[in-house]
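Undergrad: In terms of our numbering, the sequence shown opens at residue 1 and continues consecutively.
Everything labelled a hint here was simulated from the structure, so no lab data went into it. Hints may be right or wrong, so weigh each one.
[Claimed, not checked] In silico lysine-lysine, DSBU-like type, Cα no more than 30 Å apart, as pairs:
id, residue 1, residue 2
1, Lys115, Lys223
2, Lys113, Lys189
3, Lys189, Lys223
4, Lys223, Lys254
5, Lys113, Lys223
6, Lys189, Lys115
Please read these numbers as outputs of a predicted model, since none were measured by experiment.
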Amino acid sequence: MSWNAPRPGTTRRFRRSDRSGGSGPGRLGLTAAGAVLGLIVAIPGAAGAATAAPAAARSTAPVAAPTGTVAAPDIPVADVKAHLSQLQSIATANGGNRAHGRPGYRASLDYIKSKLDAAGFTTTVQQFSASGATGYNLIADWPGGDPNQILMAGAHLDSVGAGPGINDNGSGSAAVLETALAVARSGAKPAKHLRFGWWGAEELGMRGSQYYVSRLAATERSKFSGYLNFDMVGSPNPGYFVYDDDRAIESVFKDYFASLNVPTEIETEGDGRSDHAPFKNVGIRVGGLFSGADYTKTAAQAQKWGGTAGQPFDRCYHRSCDTSANIDDTALDRNSDAVAHAVWTLGVGTTTPPGGTVFENTDDVRIPDAGAAVTSSVTVSGRTGNAPAALAVGVDIKHSYRGDLVIDLVGPSGRTYRLKNSSGSDSAPNVITTYTVDASAETADGTWQLRVQDLGPQDTGYIDSWKLTF
Numbered sequence: 001m002s003w004n005a006p007r008p009g010t011t012r013r014f015r016r017s018d019r020s021g022g023s024g025p026g027r028l029g030l031t032a033a034g035a036v037l038g039l040i041v042a043i044p045g046a047a048g049a050a051t052a053a054p055a056a057a058r059s060t061a062p063v064a065a066p067t068g069t070v071a072a073p074d075i076p077v078a079d080v081k082a083h084l085s086q087l088q089s090i091a092t093a094n095g096g097n098r099a100h101g102r103p104g105y106r107a108s109l110d111y112i113k114s115k116l117d118a119a120g121f122t123t124t125v126q127q128f129s130a131s132g133a134t135g136y137n138l139i140a141d142w143p144g145g146d147p148n149q150i151l152m153a154g155a156h157l158d159s160v161g162a163g164p165g166i167n168d169n170g171s172g173s174a175a176v177l178e179t180a181l182a183v184a185r186s187g188a189k190p191a192k193h194l195r196f197g198w199w200g201a202e203e204l205g206m207r208g209s210q211y212y213v214s215r216l217a218a219t220e221r222s223k224f225s226g227y228l229n230f231d232m233v234g235s236p237n238p239g240y241f242v243y244d245d246d247r248a249i250e251s252v253f254k255d256y257f258a259s260l261n262v263p264t265e266i267e268t269e270g271d272g273r274s275d276h277a278p279f280k281n282v283g284i285r286v287g288g289l290f291s292g293a294d295y296t297k298t299a300a301q302a303q304k305w306g307g308t309a310g311q312p313f314d315r316c317y318h319r320s321c322d323t324s325a326n327i328d329d330t331a332l333d334r335n336s337d338a339v340a341h342a343v344w345t346l347g348v349g350t351t352t353p354p355g356g357t358v359f360e361n362t363d364d365v366r367i368p369d370a371g372a373a374v375t376s377s378v379t380v381s382g383r384t385g386n387a388p389a390a391l392a393v394g395v396d397i398k399h400s401y402r403g404d405l406v407i408d409l410v411g412p413s414g415r416t417y418r419l420k421n422s423s424g425s426d427s428a429p430n431v432i433t434t435y436t437v438d439a440s441a442e443t444a445d446g447t448w449q450l451r452v453q454d455l456g457p458q459d460t461g462y463i464d465s466w467k468l469t470f
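Build out the structure end to end from the sequences listed, making use of the hints.
TA: In structure tokens:
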């Protein structure tokens, strides 16, 4: 977050540009979205533990495919932290920082660009000058989507000169990067055109994002349905703050956190001090998340969020101790998932093909605590040929600590497809999501199984239902 922009007082510096919603160029064009948790990406993995006998399916008859927005991916916090580790290593190798005009910044940009290029994005490096040094923005476009409806998510990539800037703002940069990579892994065919940005010289007063916005023609600006900004989302004494600049975007984030039973507050500390400001100033709708900087957490905030009252949200803000140790994993995990939820809700849209055939098992199957794997079966019949390369696997598992769970799909051939690994840092409840699996090597007809194992103690749950959509 920039320290050169004016700091706000207790009154909002900016008024909402629009509180009405709506559609058309420059508008979001969405209905109020309920919060959705989950993953889209499936990664093949090795077979799990021996399974218990499958429960008899109550119904596997085809039913009409649901319509609506595809569930957002759950972003594994371990993957986000892996990017932070790389940014820390880059800073360590380059004078302890990743600041504008320093070699650590360009190395950070090159790292992110290499990941995006490999994933199939079209990337552009935009060059500008600030404070006598060359700066760089990185823009990444995902193919497809309505070119007249652009949804952009961004974060500043530079640190201050005093430290490596892992929370400020490696955290936002890594969360946006991993969301972009999830878009690629899912093979998303979004309703809107998805664009991602990493800004240079934010710490000098949003210089990179100002340069980008200033070079957008009026016709291009009108195509933006929204810009989402993520600056400091892993603060070690975190709060959960939501920008209130646009009602529709604000509701998407607030509804998401409400689904986790996490209260939010309106963001005021960073208002006008980060890269959403240049977009807002030209009439583009903005929104975003923030976990707090050098303001002090109150007793009321500590009561509802945990942490330490009377201490800053980030005691290492703009200091040398803003390292990879200066991150709260829970805040980083929740906010990273919220980034993806917003991108999917506001940009990906409806991707379930009309007329899809669903085979579903709605029988409850108890998952033993720290016990053997259990399975639930679905019998597919009446399909010719092989399963699709993007087989949709809808999962509804009620569980008090989803990080304990390992989930696999087992095809008729006996081959196992890993859907979800366990994670000791994923404390959220329930797995309610749609995965996509390349099952094109499987014969469609036959018995498919969902296999679930609880690897951790104390928390319990059950398979509520699951389905295959062909």
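Undergrad: If a hint holds in the structure, say so; if it doesn't, say that too.
TA: Hints and how they fare:
1. Lys115 <-> Lys223: 27 Å, holds
2. Lys113 <-> Lys189: Holds: Lys113 and Lys189 sit about 21 Å apart, inside 30 Å.
3. Lys189 <-> Lys223: 18 Å, holds
4. Lys223 <-> Lys254: 25 Å, holds
5. Lys113 <-> Lys223: The hint holds at about 25 Å.
6. Lys189 <-> Lys115: 20 Å, holds
Going through the hint list in order, the structure satisfies each hint without exception.
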